[in-house]
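J.: Protein chains in written order, with numbering that gives the first Met the number 0: chain A, 0 to 282; chain B, 0 to 277.
These aren't lab readings, by the way, just hints derived from the structure by calculation. Since this is a predicted model, take the numbers as computed values, not measurements. A portion of the hints provided could be inaccurate.
Sample of chain B residues at the chain A side, in silico, Cβ under 10 Å [what the hints assert, rightly or not]:
| hint | residue |
| --- | --- |
| 1 | His-3 |
| 2 | Phe-8 |
| 3 | Leu-13 |
| 4 | Gln-21 |
| 5 | Leu-34 |
| 6 | Met-92 |
| 7 | Thr-101 |
| 8 | Leu-103 |
| 9 | Leu-142 |
| 10 | Leu-146 |
| 11 | Ile-150 |
| 12 | Pro-154 |
| 13 | Thr-173 |
Heads up, the beta-carbon is just placed ideally off N, CA and C, and yes, glycines get one too.
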Amino acid sequence: MNMDPNITTDAAPSKSKVTSAAEPDQNDTHNKFDTADTVPAISVESVSYNYGQRKALDDVSFKVWPGRFTALLGANGAGKSTLLSLITRLFDTGVGQIVIDGKSFKQYGAAALAPLGVVFQQTTLDMDLTVRQNLKYFARLRGMTASKSKQRIEETLTSLDMFERVDEKVRDLNGGHRRRVEIARAMLHEPKLLLLDEPTVGLDIQTRRIIVEHIHKLASNSGVAVLWTTHLMDEIRQDDELIVLDKGRIIEEGPVNEVLARAGSPSIEDAFEALIIGEKERL
Amino acid sequence: MNMHMIRAFNGIILREFLRFFQQRARFLSALVRPLIWLLVFSAGWRTTNGLAPWPPYQTYIPYEVYMIPGLCAMIQLFNGMQSSLSMIYDREMGSMRVLLTTPLPRWFILTSRLAGGVAVSIVQVYAFLGIAFLFTYFEFLDLDISLFGHIAVLPALILSGFMLGALGMALSSTIKQLENFAGVMNFVIFPMFFISSALFPLWRIRDLSYLFYQFCQYNPFTYAVETIRFALHGQFYGFGVLIVALTAIVSLGLAIYAYDPARGIQAKPGAKAGPKPA
Numbered sequence: 000m001n002m003d004p005n006i007t008t009d010a011a012p013s014k015s016k017v018t019s020a021a022e023p024d025q026n027d028t029h030n031k032f033d034t035a036d037t038v039p040a041i042s043v044e045s046v047s048y049n050y051g052q053r054k055a056l057d058d059v060s061f062k063v064w065p066g067r068f069t070a071l072l073g074a075n076g077a078g079k080s081t082l083l084s085l086i087t088r089l090f091d092t093g094v095g096q097i098v099i100d101g102k103s104f105k106q107y108g109a110a111a112l113a114p115l116g117v118v119f120q121q122t123t124l125d126m127d128l129t130v131r132q133n134l135k136y137f138a139r140l141r142g143m144t145a146s147k148s149k150q151r152i153e154e155t156l157t158s159l160d161m162f163e164r165v166d167e168k169v170r171d172l173n174g175g176h177r178r179r180v181e182i183a184r185a186m187l188h189e190p191k192l193l194l195l196d197e198p199t200v201g202l203d204i205q206t207r208r209i210i211v212e213h214i215h216k217l218a219s220n221s222g223v224a225v226l227w228t229t230h231l232m233d234e235i236r237q238d239d240e241l242i243v244l245d246k247g248r249i250i251e252e253g254p255v256n257e258v259l260a261r262a263g264s265p266s267i268e269d270a271f272e273a274l275i276i277g278e279k280e281r282l
Numbered sequence: 000m001n002m003h004m005i006r007a008f009n010g011i012i013l014r015e016f017l018r019f020f021q022q023r024a025r026f027l028s029a030l031v032r033p034l035i036w037l038l039v040f041s042a043g044w045r046t047t048n049g050l051a052p053w054p055p056y057q058t059y060i061p062y063e064v065y066m067i068p069g070l071c072a073m074i075q076l077f078n079g080m081q082s083s084l085s086m087i088y089d090r091e092m093g094s095m096r097v098l099l100t101t102p103l104p105r106w107f108i109l110t111s112r113l114a115g116g117v118a119v120s121i122v123q124v125y126a127f128l129g130i131a132f133l134f135t136y137f138e139f140l141d142l143d144i145s146l147f148g149h150i151a152v153l154p155a156l157i158l159s160g161f162m163l164g165a166l167g168m169a170l171s172s173t174i175k176q177l178e179n180f181a182g183v184m185n186f187v188i189f190p191m192f193f194i195s196s197a198l199f200p201l202w203r204i205r206d207l208s209y210l211f212y213q214f215c216q217y218n219p220f221t222y223a224v225e226t227i228r229f230a231l232h233g234q235f236y237g238f239g240v241l242i243v244a245l246t247a248i249v250s251l252g253l254a255i256y257a258y259d260p261a262r263g264i265q266a267k268p269g270a271k272a273g274p275k276p277a
């Protein structure tokens, strides 16, 4: 494997073959949640979507596995938000299918969304309610008992250093704290798949770093599968999985180090640029 | 209905109440608006508008007695539209997404949300009726509504609340931007209220203008007002109940259709501009 010397090897997973984000490599030792019968947390299969004549997504397929942090990288307008709207069933999947934890929308309808935790790009908290009221509301929507929701509210907020703010109104919190509350809310029902749509947009560098660190830990420690959409490349680490979306098509996918090796680039920024230029030339 | 549904239903209702009581100005205006109508309008008209016996009334009644059901329905009309405004706001602010990504059928989520709005509107109506009762007690007004009438009106309020809320919900699905809501005020709320039996009995409207009378007869709000009127006087108005129930069902059906990503106008893949996520 032609690894660039600029890439530190301590974080690189010991993959012996190119696997892509589609299959967990059984030789891969960095993911303790892989077993022979591991079911992908989400499987997007040949999904296409049009806005009138304009193709927003073109035959998109990928899988996200438990315990992995998968970054969906794409410039503005690449189709990330459309894809997320399809995964969260805000849009209907016309062509192709989406299966979450083995359950497809077509077969199970809204019930297929049960293993999903979502942090939307836009704040979706109720500003006039307190943090606790917001989280309790969400817990009820997810059918959690009062005692379970109380316990989980304390656990998730504590893990994000936010429990002392539990009785404050959301309106009184700053952007970073609101984002932490949204992450706590998304984790409240212990989802198998955590979906985050550009969650660090508009946040300061320190808050971004804390959130990126927290979510990476969450994936590696609790086994939750993470699908993180971004256009900020410094949020992606060497041991993450990467899917690069451009003009509605997946142009590259796989473990970051392998994507870099294939692109012959020392950094994700360079690899991304090379891939986009290559794609333009191909078209 | 399983336990998940019951908990989600409770959660949605509770949130509507929390939001309502947090927004004190909304609570206050919900009470002040009908009270101004009751005190100012009815006081001015009572001398000239004593009303002849006409079902459900057995005898001549003062004008304020006539106005009460129309004002109860007005509270629900405004609340229904307020609820639809809040749905548009939630959609623009994104919190509607939290609701719509709940692993429950969309019809159930929207019906629960509607029920929350209805519950809030009923609290407003009873607060108004309570104040109206105090006015009667201290002899400012002469409203003769029995305790039984206050209880019997509850099912009528539930039904009319569902109809007006469902109408608002169906409307909200067609409104793309919050700014367009002013149009709803001008073209829905005011015509619905004024072209109805809320302020004047139909027989008097018919005497004045047959065309206007016809408009009133095709307005479902008229039947909501009359259903409430009969119920407040301990009587059942079957035809009104039928019209109100049918309008509620059709409106709710349209709202559910509109919010369904597979079919509705919220996400039409063929649309020129991309569908805006709910």
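J.: Each hint needs a verdict: does it hold in this structure or not?
T.: Here is what the structure says about each hint:
no.: 1; hint: His-3; result: holds, 3 Å
no.: 2; hint: Phe-8; result: holds, 9 Å
no.: 3; hint: Leu-13; result: holds, 7 Å
no.: 4; hint: Gln-21; result: holds, 4 Å
no.: 5; hint: Leu-34; result: violated, 25 Å
no.: 6; hint: Met-92; result: holds, 7 Å
no.: 7; hint: Thr-101; result: holds, 5 Å
no.: 8; hint: Leu-103; result: holds, 6 Å
no.: 9; hint: Leu-142; result: violated, 35 Å
no.: 10; hint: Leu-146; result: violated, 35 Å
no.: 11; hint: Ile-150; result: violated, 30 Å
no.: 12; hint: Pro-154; result: violated, 27 Å
no.: 13; hint: Thr-173; result: violated, 18 Å
When each numbered hint is compared with the structure, violations occur for hints 5, 9, 10, 11, 12, 13.
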